[in-house]
Amino acid sequence: MEKNNPESAVVFRNVGQRYFPQTRVECHYSLTSAHQWSSRDWIGIFKVGWSSLREYHTYSWSLVPEGYTERSAVDCCSLFQANPSPSAPPNLWMSWRP
1 MEKNNPESAV VFRNVGQRYF PQTRVECHYS LTSAHQWSSR DWIGIFKVGW
51 SSLREYHTYS WSLVPEGYTE RSAVDCCSLF QANPSPSAPP NLWMSWRP
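The sequence shown lines up with residues 1 to 98 when you count with full-length UniProt numbering.
By construction, these hints were calculated from the structure, which means they are not laboratory data.
Here the structure is a predicted model, which is why all the values come from computation and not from measurement.
Any given hint could turn out to be false.
Claimed, not checked - Just the calculated beta-carbon pair ranges, DEER-fashion:
1. Arg13 <-> Ser39: 19 to 25 angstroms
2. Ser39 <-> Arg18: 29 to 35 angstroms
3. Glu66 <-> Gln22: 29 to 35 angstroms
We treat Cβ as the ideally placed atom computed from N, Cα and C, and that holds for glycine.
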């Protein structure tokens with residue numbers, strides 16, 4: 001798990017240690033005034049023990065909130081729907097990687 005650094009541009013809030021594929025996950029995070037938006041910003045869910053950004057299970061684009069002013073702090077949320085697939089692995093998953 002990545003720890004939040006006081007100087008980070010992204011601060012994750014209420015992050016659980018583990019998530020199951022069959023559950024809906026809300027990823028709450030704050031962007032500080034140090035963050036600069038990119039059209040390639042995303043939040044990913046990774047299998048426990050991942051070692052590469054290419055090993056994500058799923059991801060969500062981090063969209064600019066309506067009315068956002070550049071270089072201002074803002075709270076955001078990405079929602080991941082439950083994966084009801086019977087082929088979903090039973091392993092636990094972690095989330096947090098903008």
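Results for each hint:
Between Arg13 and Ser39 the beta carbon distance is about 24 angstroms. The supplied range of 19 to 25 angstroms therefore holds. In this structure the hint that Ser39 and Arg18 lie 29 to 35 angstroms apart at CB holds, the actual value being about 31 angstroms. Between Glu66 and Gln22 the CB atoms are about 32 angstroms apart, so this pair conforms to the stated range of 29 to 35 angstroms.
When held up to the earlier numbered hints, the structure conflicts with none and fits them all.
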